[in-house]
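A.B. asks: Throw the hints in and build the complete structure from the sequences for me.
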Amino acid sequence: MKKKKTSSPSTFIMDDINKKTVRKYKRKNKSYYPVSVPEHVMLKFLDRTRVKHPKVLKKRFRYFEEEYIDGKKVSKDLDNSVLIGVLTSYIYELRTIHPGDLKKYIKWNNNTEFLRFQLTSFREYIKKYKFKEKLAKMGLDEELISVFRKIHMDDNRKMYLIHGDFQKSNLLEHAGMYYIVDWEHATYGDLAYEIAMHLSKENYSEAEIKLLVDRLCGSLSINPDNFLRDIKLYKNFEKIRVSFDKMNKACELQKARKDFRHALDEAYESYKFLAIAKTKDEIKQIIISK
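Here the working numbering is used: position 265 in the sequence shown is 433, and no number is missing along the way.
In short, the hints are calculated from the structure, not lab data.
Keep in mind that the hints are not guaranteed to be accurate.
Just the calculated beta-carbon pair ranges, DEER-fashion [unchecked claim]:
| hint | residue 1 | residue 2 | range |
| --- | --- | --- | --- |
| 1 | Gly307 | Lys196 | 22 to 30 Å |
| 2 | Phe229 | Tyr260 | 33 to 41 Å |
| 3 | Glu450 | Arg383 | 40 to 48 Å |
| 4 | Ile185 | Thr288 | 43 to 51 Å |
| 5 | Ser457 | Thr264 | 51 to 59 Å |
| 6 | Glu292 | Ile319 | 16 to 24 Å |
| 7 | Thr256 | Thr288 | 28 to 36 Å |
| 8 | Lys241 | Ser457 | 40 to 48 Å |
| 9 | Lys241 | Lys440 | 25 to 33 Å |
| 10 | Lys241 | Glu376 | 20 to 28 Å |
When the alpha-carbon atoms are kept at most 25 Å apart in a straight line, the in silico BS3-like pairs for lysine-lysine are as follows [claimed, not checked]:
| hint | residue 1 | residue 2 |
| --- | --- | --- |
| 11 | Lys173 | Lys192 |
| 12 | Lys226 | Lys271 |
| 13 | Lys188 | Lys212 |
| 14 | Lys296 | Lys452 |
| 15 | Lys241 | Lys336 |
| 16 | Lys446 | Lys414 |
| 17 | Lys414 | Lys458 |
| 18 | Lys226 | Lys170 |
| 19 | Lys192 | Lys227 |
| 20 | Lys300 | Lys403 |
| 21 | Lys417 | Lys173 |
| 22 | Lys448 | Lys407 |
| 23 | Lys458 | Lys305 |
| 24 | Lys403 | Lys448 |
| 25 | Lys369 | Lys407 |
| 26 | Lys187 | Lys226 |
| 27 | Lys244 | Lys407 |
| 28 | Lys296 | Lys414 |
| 29 | Lys172 | Lys188 |
| 30 | Lys417 | Lys440 |
| 31 | Lys305 | Lys440 |
| 32 | Lys300 | Lys446 |
| 33 | Lys417 | Lys407 |
| 34 | Lys240 | Lys369 |
| 35 | Lys298 | Lys446 |
| 36 | Lys241 | Lys192 |
| 37 | Lys326 | Lys212 |
| 38 | Lys448 | Lys426 |
| 39 | Lys295 | Lys458 |
| 40 | Lys194 | Lys296 |
C-beta atoms are modelled at their ideal positions from N, C-alpha and C, and glycine is treated no differently.
C.D. replies: In structure tokens, the structure reads:
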């Protein structure tokens with residue numbers, strides 16, 4: 169059996185003569201996206217639904233194996249109307265599913281508590297940053313996050329099973345159907361978070377966003393004003409998370425004496441959203457300072 173590397177250091181393609189599988193090893197969460205439900209647990213839970221996903225084939229202490237979907241990754245040019253169709257279809261399918269056995273992994277009872285979980289997880293994550301002092305000089309500190317703790321989400325909106333990272337790169341087309349893969353960040357939580365994370369990673373026109381939101385609000389009896397407000401809030405929170413992380417990575421590259429110019433450009437583009445009065449040159453000087 170051959171073991172082939174993938175873009176993820178913890179995921180491998182196990183290539184036997186007659187069969188391929190995907191092996192995923194346990195790893196510490198090195199992303200600012202929190203993990204609450206183990207991926208193999210979520211995949212088995214999805215077996216009771218019609219959502220197209222990889223099936224778990226084997227579970228061991230250090231890893232689990234899932235079926236290899238012999239499909240092609242969808243094109244970056246996939247029409248957004250098709251993407252909206254796939255997204256809304258899987259949300260409709262999961263809307264009546266009760267979390268059941270997943271409840272032991274869930275630490276929140278409503279959408280506001282789910283927001284608090286996101287905030288707490290990110291605070292814990294940035295405690296591991298090596299360059300907190302430099303980030304603070306850029307205006308990136310916990311004060312930016314603490315303002316979200318005063319916010320209350322729409323707790324009348326039902327919670328759902330959500331993927332947590334739904335985007336084109338996590339879709340495979342096989343036999344005329346779309347399979348959703350990489351359920352690592354899936355959980356039971358706020359649908360506004362799901363849509364905000366999706367919109368943060370894909371390019372939609374205002375008309376397409378309205379179409380998506382109108383479809384969901386109409387079918388799921390969601391208050392559209394509160395839904396749009398909470399989506400915007402989560403999109404802003406995501407921009408802050410990205411700004412922290414990209415700036416920290418630029419500092420890491422500089423310390424390792426590697427070219428950090430591209431990382432700085434990316435970091436600055438995300439940072440501009442925060443409207444903190446620092447130019448790119450000023451940020452560069454903070455990064456290279458001792």
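A.B. asks: A separate judgement is required for each hint: does it hold in the structure or not?
C.D. replies: Structure-based check of each hint:
1. Gly307 / Lys196: 22 to 30 Å: holds, 29 Å
2. Phe229 / Tyr260: 33 to 41 Å: Roughly 36 Å apart at Cβ, these two residues keep to the hinted range, so it holds.
3. Glu450 / Arg383: 40 to 48 Å: holds, 44 Å
4. Ile185 / Thr288: 43 to 51 Å: holds, 48 Å
5. Ser457 / Thr264: 51 to 59 Å: Roughly 55 Å apart at Cβ, these two residues keep to the hinted range, so it holds.
6. Glu292 / Ile319: 16 to 24 Å: holds, 19 Å
7. Thr256 / Thr288: 28 to 36 Å: holds, 30 Å
8. Lys241 / Ser457: 40 to 48 Å: This hint holds: roughly 42 Å between Cβ atoms.
9. Lys241 / Lys440: 25 to 33 Å: holds, 31 Å
10. Lys241 / Glu376: 20 to 28 Å: holds, 21 Å
11. Lys173 / Lys192: holds, 11 Å
12. Lys226 / Lys271: holds, 23 Å
13. Lys188 / Lys212: holds, 19 Å
14. Lys296 / Lys452: Within the cut-off at roughly 22 Å; holds.
15. Lys241 / Lys336: At roughly 8 Å apart (the allowed maximum being 25 Å), Lys336 and Lys241 satisfy the hint.
16. Lys446 / Lys414: Roughly 16 Å separates the two Cα atoms, so the pair holds.
17. Lys414 / Lys458: holds, 19 Å
18. Lys226 / Lys170: At roughly 17 Å apart (the allowed maximum being 25 Å), Lys170 and Lys226 satisfy the hint.
19. Lys192 / Lys227: holds, 10 Å
20. Lys300 / Lys403: Roughly 23 Å separates the two Cα atoms, so the pair holds.
21. Lys417 / Lys173: Judged against 25 Å, a Cα distance of about 24 Å means the pair holds.
22. Lys448 / Lys407: Distance ~17 Å between Lys448 and Lys407 Cα, so the pair holds.
23. Lys458 / Lys305: holds, 13 Å
24. Lys403 / Lys448: Within the cut-off at roughly 23 Å; holds.
25. Lys369 / Lys407: holds, 11 Å
26. Lys187 / Lys226: holds, 14 Å
27. Lys244 / Lys407: holds, 22 Å
28. Lys296 / Lys414: holds, 14 Å
29. Lys172 / Lys188: holds, 10 Å
30. Lys417 / Lys440: With Cα atoms ~17 Å apart, Lys417 and Lys440 stay inside 25 Å; holds.
31. Lys305 / Lys440: Holds. Lys305 to Lys440 sits at ~15 Å (cutoff 25 Å).
32. Lys300 / Lys446: holds, 17 Å
33. Lys417 / Lys407: holds, 15 Å
34. Lys240 / Lys369: Satisfied, since the Cα-Cα distance of roughly 20 Å is no more than 25 Å.
35. Lys298 / Lys446: holds, 21 Å
36. Lys241 / Lys192: holds, 19 Å
37. Lys326 / Lys212: Holds, at roughly 23 Å.
38. Lys448 / Lys426: Given that 25 Å is the threshold and the Cα spacing comes to 18 Å, the pair holds.
39. Lys295 / Lys458: holds, 20 Å
40. Lys194 / Lys296: holds, 20 Å
The structure shown violates none of the earlier numbered hints.
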